[in-house]
Amino acid sequence: MADDAESELIARAQEGDHRAFAALVRRYQDRVFRFILRLIGARDEAMDLTQETFMKAHQALPGWRPEAQFRTWLFRIAHNAALDVLRRRERIEFVSFADLPAGEEDHALPDPARQPDQRLADRQSIELLERTLQELPAEHREILLLRELEDMSYTEIAATLGIAEGTVKSRLARARSAAIAGYQRHSGDNRHE
Amino acid sequence: MNDQPTPMHAPDLPGLSAYLDGELDAEERQRVAIHLAACPVCTGRLAELAALSTDLRALPEESLGFDLAGVIESRLAAAPRRTVARRRRDWWMGWPAAVGSAASIAAGVLMGSALVTGSAAAAPRMAAMRVFDTMPPGNLCVGLESCYVKGSVK
Ligand SMILES: [Zn+2]
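Protein chains in written order, with numbering that gives the first Met the number 0: chain A, 0 to 192; chain B, 0 to 153.
In case anyone wonders, no lab produced these hints; they're calculated from the structure. Nothing here was measured: the structure is a model prediction, and the numbers come from that model. Errors might be hidden in some of the hints.
Claimed, not checked - Just the calculated beta-carbon pair ranges, DEER-fashion:
#1 A:150 <-> B:70: 21 to 29 Å
#2 A:87 <-> B:60: 22 to 30 Å
#3 A:122 <-> B:66: 24 to 32 Å
#4 B:37 <-> A:65: 42 to 50 Å
#5 B:65 <-> A:4: 19 to 27 Å
#6 A:121 <-> B:8: 29 to 37 Å
#7 B:78 <-> A:122: 41 to 49 Å
#8 A:148 <-> B:43: 19 to 27 Å
#9 B:39 <-> A:5: 44 to 52 Å
#10 B:25 <-> A:130: 34 to 42 Å
#11 B:37 <-> A:42: 47 to 55 Å
Claimed, not checked - Which bits of chain A does chain B cover? Going by a derived footprint, with three or more residues having C-beta under 8 Å, they are:
#12 15-21
#13 24-32
#14 48-60
#15 124-134
#16 139-147
#17 165-171
#18 175-187
Just so you know, even glycine gets a beta-carbon here, dropped at the ideal spot from N, CA and C.
Sequences are here, hints too, so could you generate the full structure?
Take a look at the structure:
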């Protein structure tokens, strides 16, 4: 990720080279967009916010230091921008364990009939998972995205979200538990329909 | 998580989750592995976590569908004074003299501190903080320092 070519681009962008900055944008534009889109849901708004994220990154670039990982630094700016939108929408809900039926998170077992490589083979499963993800509290959805889609380590997630690594560990576990419970609830709904 | 598994016990979810992610130290990892070998409850829970991970990674990937980088580059070219630029002639060389000199005075004010201190940390960092000062509270990235790797912060 933080390869020599990237370091070179950052150094040039810091000196005011717009083309170098554009090359950095090109490296990350789809990933930042994907992260923001899944976080806030609305495609047009996500496009605007992605652009805003890179403009903010450009403004803040003089303050970037080689000790910082560019990706976590960039995603932190995206995180702040997306959180601001979510707050404006008043859609931020914090941990919603109280909403889960008691005990559901602990005794749900995997469906042995489904092999891992076939799990998302059908459109319905994808839709259920997408719906489950969108229904999670934003902070749960976000940490899952950083871990599973961006493949960030706990150290990187901690830097991106500005939280302790211990918090990453516990929040990620809660997020996964809530996602599994939500997915199974939706699967159950579908079977009974 | 006990070393002697009981048939019904609440799995240590953060432990299993971190085990799945390879985020436990060697000692903890071994402890969990030994427990898993004897505990179907935790093994089942781990399988669920792994399946969720596989499924999330298999979700269709959205993309922007256009080259945002090109748009950004145009926007930056249209508003060049925001950069702390050594290559400032790129944008003001072609301007009419009056506009050019006024702009370079204004730019000089902005760039002066950065040029005087060279590559020292203070001026650019302050410039970066000013950027965030102009944003509504929700945008505050007060924790940018935490983006730095531990131990490298002065
Ligand atoms: Zn167990």
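Hint check against the structure, violated hint numbers in rising order: Violated: none.
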